[in-house]
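> Protein chains in written order, with our numbering: chain A, 122 to 494; chain B, 122 to 494.
These are computed hints drawn from the structure, not numbers from a lab.
Keep in mind that a hint or two might mislead.
Derived lysine-lysine pairs resembling DSS-like cross-links, with alpha carbons at most 25 Å apart [stated by the list, open to error]:
no., chain 1, residue 1, chain 2, residue 2
1, B, LYS385, A, LYS127
2, B, LYS474, B, LYS384
3, A, LYS202, B, LYS403
4, A, LYS418, B, LYS202
5, A, LYS202, B, LYS385
6, A, LYS291, A, LYS202
7, A, LYS202, B, LYS123
8, B, LYS446, A, LYS403
9, B, LYS194, A, LYS123
10, A, LYS188, A, LYS123
11, A, LYS202, B, LYS194
12, B, LYS234, A, LYS202
13, A, LYS434, A, LYS446
14, A, LYS194, B, LYS474
15, A, LYS321, A, LYS384
16, A, LYS328, A, LYS202
17, A, LYS385, B, LYS379
18, B, LYS474, A, LYS384
19, A, LYS418, B, LYS385
20, B, LYS202, A, LYS446
21, A, LYS446, B, LYS194
22, B, LYS385, A, LYS403
Between beta-carbon pairs, the in silico distance windows are [what the hints assert, rightly or not]:
no., chain 1, residue 1, chain 2, residue 2, range
23, B, LYS384, A, GLY162, 38 to 48 Å
24, A, LEU485, B, SER209, 27 to 37 Å
25, A, GLU458, B, LYS123, 29 to 39 Å
The C-beta atom is built at its ideal place from N, Cα and C for all residues, glycine as well.
Protein chains: 2
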Amino acid sequence: MKLNFKREDLLNAINIVLKAVSSKTTMPILECILIEAGTRGVYLTANDMELGIETKVSNCEVLEEGKTAIEAKLFSEIVRKISLEDDSNVSLSSDGTIVTIVCDNSTFRIQEKDPDQFPELPSIDQEHYITLSQFTLKELIRDTIFSISPNDSNKMMTGELFEVQGDHLKVVSLDGHRISIRNTVLRDRYEDVKVIIPGKTLNEVSKILAGDNEKEVVIFFSKNYVLFKFEDTSMVSRLIDGEYFKIDSMLSSDYETKVTVNKKEFLDCIERSTILIRESDKKPLIMNIEDSSMSLKMNSMIGTMDAQILIHKEGRDLMIGFNPKFLLDALRVIDDEEVCLYMTNPKAPCFIKDQEENYIYLILPVNFNPASY
Amino acid sequence: MKLNFKREDLLNAINIVLKAVSSKTTMPILECILIEAGTRGVYLTANDMELGIETKVSNCEVLEEGKTAIEAKLFSEIVRKISLEDDSNVSLSSDGTIVTIVCDNSTFRIQEKDPDQFPELPSIDQEHYITLSQFTLKELIRDTIFSISPNDSNKMMTGELFEVQGDHLKVVSLDGHRISIRNTVLRDRYEDVKVIIPGKTLNEVSKILAGDNEKEVVIFFSKNYVLFKFEDTSMVSRLIDGEYFKIDSMLSSDYETKVTVNKKEFLDCIERSTILIRESDKKPLIMNIEDSSMSLKMNSMIGTMDAQILIHKEGRDLMIGFNPKFLLDALRVIDDEEVCLYMTNPKAPCFIKDQEENYIYLILPVNFNPASY
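Please take these sequences and the hints and turn them into a complete structure.
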């Protein structure tokens, strides 16, 4: 095999597939990037057996077809450092044992791995799919990914529900203390789909997506896999098996107290209160909601914080406590200038949502002793 | 005590003294910042018993004089987050038990510590001193600090020699494998001084100095302490006791081979070669110096690198090996476009220095088997 790359294009492709390189594995071949040069161009592939990524390298000259596998981190470092000019020419050749990489005045020679040991990406039946803009997909992930569960004790909570009904896509994540829901309207109508995509996959997809509103991504759904296809890149991931939680019964549109508040001011006050929290001393943030103002109080071993915020209130006065982190996570991804909170009583969930229900954040309150506030 | 600060000025002062706050100590008072408000203004002080910093807060209104001590990290976080506007007004008051900090709509109340327990900074006899620009001091430190020894087994190697003779200041650091020397001419003549300043102190001084060429810093030397005074800040540090190494006998101006090389090209090639080095497998970089070119070779378990650089050579051909890190450290702080290396044989030290000997870097070569290169 003998190839000529433009350094920048090779580096871009490496950075994309690096996201699927196994960091801890007993199979050394999974730490490699597969390079395949054929008539359709030059492709890089990485596969950690959960997530696989394949991408085409732009502007590559194939002098001799073939394939090889190179330890990914080493390959990435060599290409990054072999020249500091983006448009330098990098030549790569393989004799079946040694890969030689030449650029400017430097030559690297490294052992290659047997490319035939590299596990092929699963082929996906491309019957069921949806199309949306990269920007929208990136937003949907950003707005929900924070409330997946970080630990594996309930596998389903480590993923997100993607549910397609007609021209409507709903994305849901939950971790037992809160639920995050994002609804969006697609440009076409599609067949119904209901799958659970691993959170790790969505995180990686989100990092690679350019986030362009003009550029599209196609998501193909099969029984066990999901495939994200955009520009020159394909990402294949396993799905999480099982029936997702029935969340509709947990949602309610009744409320006794509705608060409208400036999002930034609310967010800043909550962030401030977390100064007084230590890992070992989890304290709730107490919101005391009255006619036109809301007081926020935090009492911890370290000290106290009091803050006053002007609000617009409908319904009853209420005193309610929350884990401030859960409020912060939701507020940080809301782009609106004002947010509305819907509450019933100090034991019932609070809903932060917009009029059109593009987003719904359900957060459970925490118990506290009202006498001490 | 009752004070009004401009948030930005208070935060600047906190950030300066934070550098001398003890992170691990059995004396909780050393984790605090002392605040003293008197007729000469408001001063913040921190002291970890090795290094002490005192700074004056600008634009502070003293409504009631007094003093208090507050846990430094907490204080810093509160002032950072209590408002996002630099020019917000922060009021701070103390009743001897509780400190109350108010800004915009938020109020923090935290326990204060007994300010009388705070250890006073040593008072320094201000007889012997030198004056130089902040820029120069910052440069002298940057250019030498990398070759102090990181471990305490030889205390003197963890500091730097500051030697004043007439109008000449020499700064030296060494770690057993290399010596870094910076010479500079002062604007006045001073009394002779020879002290060893702890590397940690120099690191912190360097971080706080604005690095301005117009602004000055005065360094006072006493028997056991050094005091850096600039703008509204004083930093006092213990000195390291003892007689510094006699380095003059290690320096020599004889050489058999002189190489002149483009610094950036040389540096890039060496950086590239370190890709192939792992902690467990320390390999030398071999330089093969011939008439108008130098080849750099790295052979490791991972692979090989070869690079060619054009040079100007005087004297004999030479093959010599170095720990690439030592070359990198020196080259990174040299601002010249071209550097000169002076060598004698594969066992004798290499000198990287300029004509005027503003800088001299002595690096010991490492043994290698010439047959394998």
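> Are the Cα atoms of LYS446 (chain A) and LYS194 (chain B) separated by 25 Å or less?
holds, 20 Å
> Just to be careful, I want the Cα atoms of LYS328 (chain A) and LYS202 (chain A) compared with a cutoff of 25 Å; is the pair within it?
Holds, at roughly 23 Å.
> Below or equal to 25 Å on CA atoms is what counts here, so check LYS385 (chain A) against LYS379 (chain B).
It is violated: about 64 Å lies between the C-alpha atoms, which goes past 25 Å.
> Straight-line Cα separation of LYS194 (chain B) and LYS123 (chain A) no greater than 25 Å?
Violated, at about 57 Å.
> Below or equal to 25 Å on CA atoms is what counts here, so check LYS291 (chain A) against LYS202 (chain A).
The hint is violated at about 43 Å.
> Quickly compare the C-alpha distance for LYS202 (chain A) and LYS194 (chain B) to 25 Å and report which way the hint goes.
violated, 39 Å
> Please verify whether LYS202 (chain A) and LYS403 (chain B) have alpha carbons no more than 25 Å apart.
holds, 19 Å
> Please work out if LYS202 (chain A) and LYS385 (chain B) have their alpha carbons no farther apart than 25 Å.
The given pair, whose Cα atoms are some 13 Å apart, holds under the 25 Å limit.
> Between LYS384 (chain B) and GLY162 (chain A), does the beta-carbon spacing fit 38 to 48 Å?
This hint holds: roughly 40 Å between Cβ atoms.
> What's the verdict on LYS474 (chain B) and LYS384 (chain A), does the C-alpha distance respect the 25 Å limit or exceed it?
violated, 59 Å
> Does the structure keep LYS474 (chain B) and LYS384 (chain B) at a Cα separation of 25 Å or less?
holds, 12 Å
> With the threshold set at 25 Å, check whether the alpha-carbon distance from LYS446 (chain B) to LYS403 (chain A) stays at or below it.
Distance ~46 Å between LYS446 (chain B) and LYS403 (chain A) Cα, so the pair is violated.
The structure does not agree with the numbered hints 6, 7, 8, 9, 11, 12, 14, 15, 17, 18, 19 and 22 stated previously, though it agrees with the rest.
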